[in-house]
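Colleague: Now for the letters of each chain:
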Amino acid sequence: AQKITQTQPGMFVQEKEAVTLDCTYDTSDPSYGLFWYKQPSSGEMIFLIYQGSYDQQNATEGRYSLNFQKARKSANLVISASQLGDSAMYFCAMRERANFGNEKLTFGTGTRLTIIP
Amino acid sequence: DTGVSQDPRHKITKRGQNVTFRCDPISEHNRLYWYRQTLGQGPEFLTYFQNEAQLEKSRLLSDRFSAERPKGSFSTLEIQRTEQGDSAMYLCASSLGLEETQYFGPGTRLLVL
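So the protein lines, in turn, are chains V and H.
Last residue of the first sequence: 264 (the working numbering), numbering continuous.
Last residue of the second sequence: 615 (the working numbering), numbering continuous.
It is possible that part of the hints are untrue.
These stretches of chain H come out as covered by chain V in the derived footprint (C-beta under 8 Å, 3 or more residues) [unchecked claim]:
(1) 533-544
(2) 565-575
(3) 602-615
Honestly, the hints are just simulated from the structure, not real lab data.
Every value quoted in this text rests on a predicted model; they were computed, and no experiment measured them.
Virtual Cβ for every residue (Gly too), placed ideally from N, Cα, C.
Make a model of the complete structure from these sequences and hints.
Modeller: What follows is the structure, given as structure tokens:
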């Protein structure tokens with residue numbers, strides 16, 4: 148089974164609108180972390196936001212917020228007031244504590260977001 | 503700039519040649535990770551170091567691949583006898599320690615002809 152599922156291969160959004168990128172995950176580890184990264188065409192993975200499995204509140208970082216629904220195992224990224232520079236690939240990733248110190252990230256297949264002027 | 507750096511950014515080689523990539527992590531980050539990303543996919547874990555010790559290698563890392571981090575600072579990833587299937591983006595990431603965010607470099611794009 149896929150550990151990270153991103154069901155939206157591509158999305159087109161009008162500039163200044165809000166957008167939600169979906170991510171569901173699968174783990175039996177009670178302690179885990181969820182990340183979102185942005186990858187522009189240049190290739191670099193840019194860290195956006197982090198949510199720990201024990202965090203009581205949803206994470207927020209500027210225009211980014213993470214809609215964390217633990218029971219549903221979803222961690223959707225919300226970008227408010229989208230900008231042209233938000234056009235990129237977006238990856239959801241998970242870190243599981245059970246990997247005996249190896250904090251490798253498991254990534255989804257990504258969503259390509261295009262902002263339309 | 504104190505971010506993760508990788509060199510070269512692009513590499514084109516012929517099948518059968520050896521290639522070596524370098525990663526310089528953020529200063530004082532003791533954990534360093536290598537990932538591989540093929541077209542249309544998310545990055546996949548290859549190997550990781552805590553200081554100079556290589557602690558785990560993925561099954562993706564065949565015996566043609568070797569990684570080192572000799573002084574616990576920069577790391578190298580060498581691919582011997584390259585194959586066309588090795589064509590990918592090779593990403594390096596570093597983190598300060600346990601449960602810290604991984605920060606990625608710009609990657610090295612490898613094309614094997």
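Colleague: Could you check the structure against the hints above and give me the numbers of any it violates, in ascending order?
Modeller: 2
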